[in-house]
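Colleague: Chain by chain, the residues:
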Amino acid sequence: MTRLWLVALTLAAIHLAVALAGFISPYDPAEQHRDYPFEPPMAVHFFDSGGNFHLRPFVFSAGRMYPLQVLVNGKLFQVEEPGHVFLLGTDAFGRDQFSRILHGGRVSLGAGLLATLLTLLAGLILGSVAGFYGGWRDTVLMRLAEVFLALPWLYLLLGVRAFLPLSLDPVRTFLLTIAVIGVVGWARPARLFRGIVLSAKEREYVYAARGFGASSLHIFSWHILPDLRSAALTQATLLIPQYILAEVTLSFLGLGVGEPAPSWGGMLAPLREAGMLTSHWWLAMPAFALLPVVMCYYAAISTSPSDR
Amino acid sequence: MTGDFVTSPEPILRVSNLTKTYSKRSWFSPGGPPKAALNGISFNLSERETLAFVGPSGAGKSTLVRCIAGRERPDSGDIWFAGEDRRAIQLIPQDPGTSLNPRLTALQVVSEPGAGRRVPELLSMVGLPVESSGAKVTAFSGGQRSRLALARALACDPRILILDESLASLDLPVQAQMVNLLLDLQDRLGLAYILIAHDLGIAGHFADRIAVIDEGRIVEEGPPVELFQRPQHPRTRSLIACAPGGIPC
Amino acid sequence: MRVKSGVLCALSGALFVALCPGEELLVSHSAKGRRDGRLTVALRAEPKTLNPLIAMDLPSRDVIGRMHADLISIHRQTQLTQPALAKSWTVSPDGRRYTLHLRRGLRFSDGHAFDADDVVFTLEAFLDEKTHSPQRDLLIVDGHPLTARKLDAYTVLIELPAPYAAAERIFDGLPMLPRHILEKPFREGKLAEVWRLNTPADGIAGLGPFRLKQYQPGERLVLERNPYYWQEDGSRQRLPYFDELTFLFVGSEDAQVTRFAAGETDILNRVSPRMFPQLAAGQASRGDIVSDAGPSLEYNFLVFNLSPAVKPTWFQQTAFRKAVSMAVDRDSIVRLVYGGRGAPMWGNVSAGNRQWSNSNIPIPVRSLSQARDLLASAGFTWDSGKTLRDRTGKPVEFSIIVASSNTERVQMATIVQYDLKQLGMKVQVASLEFRSLVDRVLNTRQFDAAIMGLGGGDADPNSEMNVWLSSGGMHVWNPGQKQPSTPWEGEIDRLMRAQMSAIRIKERKQQWDRVQQLIAENVPMVFLASPHVVVAARKWVGGFAPAAMADYTLWNVEELFHRDN
Amino acid sequence: MRAGGDSVLIRYLARRALHAVLLLFGVSALSFALVDLAPGDYFTDARLNPRISSETVAGLRGEYGLDRPLPVRYLRWLRSAMAGDLGVSLAYNLPASALLAPRAGNTLLLASSALALAWLAGVPLGWWAATRKWPGRILSFAASAALTIPELLMAVMASIVAVRTGWFPAGGHLALPALVLAAGSMPVVIRHTRAAVLEVVDSPFLVAARAHGISEGRLVFRYVLPAAANPLISLAGLSLGTLLSASLLVEVILGWPGLGPLLLEAVYARDVPVIVGSIVISAVFLMLGSLVADVALYACDPRIRVEA
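The listed protein sequences derive, respectively, from chains A, H, G and W. For the first sequence, position 59 matches number 59 in our numbering, and the numbering has no gaps at all. For the second sequence, position 182 matches number 182 in our numbering, and the numbering has no gaps at all. For the third sequence, position 36 matches number 36 in our numbering, and the numbering has no gaps at all. For the fourth sequence, position 179 matches number 179 in our numbering, and the numbering has no gaps at all.
Derived by calculation from the structure, the hints in this document are not laboratory data. Positions of the beta carbon are idealized from the N, C-alpha and C atoms, including for glycine. Mixed in with the good hints, there may be bad ones.
To be verified - Just the calculated beta-carbon pair ranges, DEER-fashion:
hint : chain 1 : residue 1 : chain 2 : residue 2 : range
1    : A       : Tyr133    : G       : Thr444    : 38 to 46 Å
2    : G       : Gln446    : W       : Trp167    : 25 to 33 Å
3    : W       : Trp134    : A       : Lys75     : 40 to 48 Å
Start from the sequences and build out the full structure, keeping to the hints where you can.
Modeller: Now the structure itself:
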């Protein structure tokens, strides 16, 4: 139980930080500091070169000392112009990685949640229909599920992006894309839910309910849905990290979030370039944001009472 | 006992020539050869009557009651019921506790058929304290759960109650209490019972009539006393021989 | 094994020279090497076919180019024509009749003799309508095909239906095909089906330095020395030097660099300039030859959709387009996208095009304030939120489409977007898969603006007629016009047609300069930058002479050799 | 039970085969439609070559029947598929089956090597993790951490390691992609083995066996592994399917001549027969994987009724 709390707290902290990105991050995530491309992370110092302690921490920007200003202009911290504070370095356009990771989390986590929600919803509806009504509906839906499992969704994405309006901003475009992935992913959970419904509807209390003429809706919502709830929760903890990671793959293929909007997958995509990881290691920082999130979700699965 | 036939000559349930075969074979699933579960079963049931079906497991008893309760469709044959509403035939399964959703409270269970206001009355009718209505099903003992299942069945204003070995899982003293309760209810509400048992023990005490069922047929039928004293069919004899509680005469 | 085959080759070569004293070999003046070893090069993708008639993709053309030879070729470094299979040629005064004199005694890689019949056959094959050769259009001038006539076994007369400047350039990349192999399929109308990847090596013959040895699906294609190749070096040593040339199929540029670094390939036949630091590290540690061959012929640009149907009509206003051009920070593009190894552009011809680039095109200094002045003078205003609005008060919002597979162009779009944001324009960058993008730009015309690149081919302006003529299918800002919709497009049409049939190079240069000037003044496209050609080779590769034109390092593959320390 | 087993198995296999055919119909028709959704076709690329006229491009499209309506093209493909060609590749001008066969073999080789590697290492590790307390916890933590690294990133890191150390060829060799894929699927194997072993390790019969002084190694092979085999076998069948889909992109990055590079290129080039052909082949692999697992389950334990 304590472990579950730890997991929940970590997840809550990360989500909170991402939600407050506008306040915590010192820069706009799209702001280009073109004179500072690929700036390595800056250390925050308390001692100057003479060994004197400063209560107010400072950074070195272009060789000069800039003390951190806390809580000014509605930002958690920043430094005075013309200095810069790049806690986690900058990317090819001189955009602040720290700000981008925080803002990018919104997209990545949001996408994971959205796609999971849609997958579960579609899987729940179709799996329940198949399991509950059985017969030809079951046959058709389950054969369709097999087809959907065998189809790589990449092609669909190529088509989808081409048909979305161009004037849509990149985040919305991406959310629509990931929504499509989410809906297309119905087959696996649907099969799981169908199995649960199949066994649930054989329960004696369901027969009893039929015996006194309860409606299908009543039977489903009173006696079957509660069984699905815990399975859906487990599925969710499994799917969310899966979809967050899917964004990384999509970005590698150029189908992720468009510029200039940040996302963890999009930020990791440049690492595919030869030598990038060795020469600009700080570009891998989003992976360290990804790590605790995904780990926590996986930990949540192994802690939750019903395993898959 | 035979007097009952005189007081209610008009049957409320008439079953004629019921047959049902099982075959798991279909386009998509393999299965063995078809197997007959019911093979031309006919009987009548009158108001306030208790009819017991006795036979070894696999004889087709459960299939029969499932057909009567409308859970399965027979292949051929006719089931005529005096009432219009099928809800008036209620089945209480082998282990009544399983027919109660463990997530629900007693109140929710009993009011499920749409009898919200009558819950206290129903609970007291089956001898459960009214204050317990807020408790979860899981908080009840086996015997109490049986009563709860009974209360829910009563909420449907039944005319026929089917007891599919419903008391078998209970301890003997509890069983006896339940039998008393059932007899009492039969008196007060004019219920007819169809009792399923695989041995003659409880059926002999409880039923007006016993039908011995074997391989999907009724092989012998009559009041318990007659049946026990002059069994005709070998199956009846073997059932008598292994009756656990002895013969009730 | 290798030694043995080398000996065999040398033997057969010697035998052959003895038998054919009339063989007219081309003497190469490159550094003298030694015949030995093998060279491994990566291809970005698997070649699709070995049939020169239907090959469209670059990897196929890279391979085919090594297996075949042309009558006249373009020297990749000087960008001028030079004799190849034709040792010399004469042009009639009206520029319509080319008499080509072939080298005598040459043989295809299967030992069969090459003569004028093969040349006539090749042209016939490329012009055959049933084959649907993508190169067919090159042989059609003014709507009519050119004709070839055999004068004698080693002389061919080519007649053009209309005067065509620099006609000899069209022979570059037009491989001479063996009639003795392809005549039968040609008669049967099955030319498109010959020489597929699974064709056995002895079924293919060419005049190039190498011939097919082995194809490993998905993995590699191995060529071996053509013992009958028609070039020799100064010490009468027949080229090529390498016994074998292996093409490895390596999916991405990044993987190419990785595998070069791992020592699995010997030459990087052009990679993005962004890779330069990575390559330079290899130069320092392993002594690799890393070369920046200067600006390429490629030019990247932002093009506006100037179709009359497009509303609102901001793009139609020259001042608007000029303001955009003024605001784009080309220096940042070169610095951030190409790591400094690129050339900013203000005209449509890259500095890499030595002969044709107009050096008088003005180079304005980027100025946001001037851009704002231009916009203000055209009636645009800014509201308090610094959003740019047009005369009717509509905020200026549009989208730029760009190919998602091209990292560099996506980066350019990101920079342009940020620059235009400074002008108060709200620009969305939509990165589309490549074919979707082309479909929008050239077919459906459903886009506002696009960032694209052109110019992989020849340096000559004639190769881009389709782009600059207003009726052209690739007149990207408004293709396929019946009548030029603006006076300046009319003038460009006139100039382009004139230069096409002009014979004197000076005249053509003046006309093409004027076209460049018109394009720079009217800004239908905002030219951004041209990447440098960055290539690398192992330190032992001799004869390495990279060029800014395709095929950058492989154009003189027969002269490359393994240098012994 | 055993006597009827063989005929049941045969009927079962026949049913699976029928399913497979229906599924392949569905998959091919749907992927045909999906690919058609994206604008442009194979010859769109030629439009961007200034030296090729639009008329030539139109002629080429007509030649390959791309100007025909979708159902006509599908039927044409179907006829060719029946003949075993799977259509003629637009790019290669070769029957798609001739292109796909050698690469499918390579992909299968890669996936099965990765599977073998993951199992040969994963099962002992999982067992080890189950029997030791702290190393077990650390190992399962490491395993879930490994799950959070996208396979693409792992491939990139692997190629860096290969270049730096020279231990492996950086491309075109089986070792590196097989290692990456194995590393990707090993955590699941470890987790499942550990869970399965933990379940049986405290069972009364093992306690008794241990009390009788039967050696640890003998226990494992005689009792623990067979008892844990069932869930592991079904997992293996599933993981072959996931491996195949994961391998596509790893193949691209690490230059393994499997279906991946061919497919990715075909997707971008809209080479419909190659795309549909490789989807059909992956679907066949997927089905074979689960079939092999089911049959293996049946062979291991005939008590298990084979069911859909």
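Colleague: If a hint holds in the structure, say so; if it doesn't, say that too.
Modeller: Against the structure, the hints come out as follows:
Separated by about 44 Å at the C-beta atoms, A/Tyr133 and G/Thr444 satisfy the suggested range of 38 to 46 Å. Between G/Gln446 and W/Trp167 the C-beta distance comes to about 51 Å, which lies outside the given range of 25 to 33 Å. At roughly 44 Å, the beta carbons of W/Trp134 and A/Lys75 sit within the given window of 40 to 48 Å.
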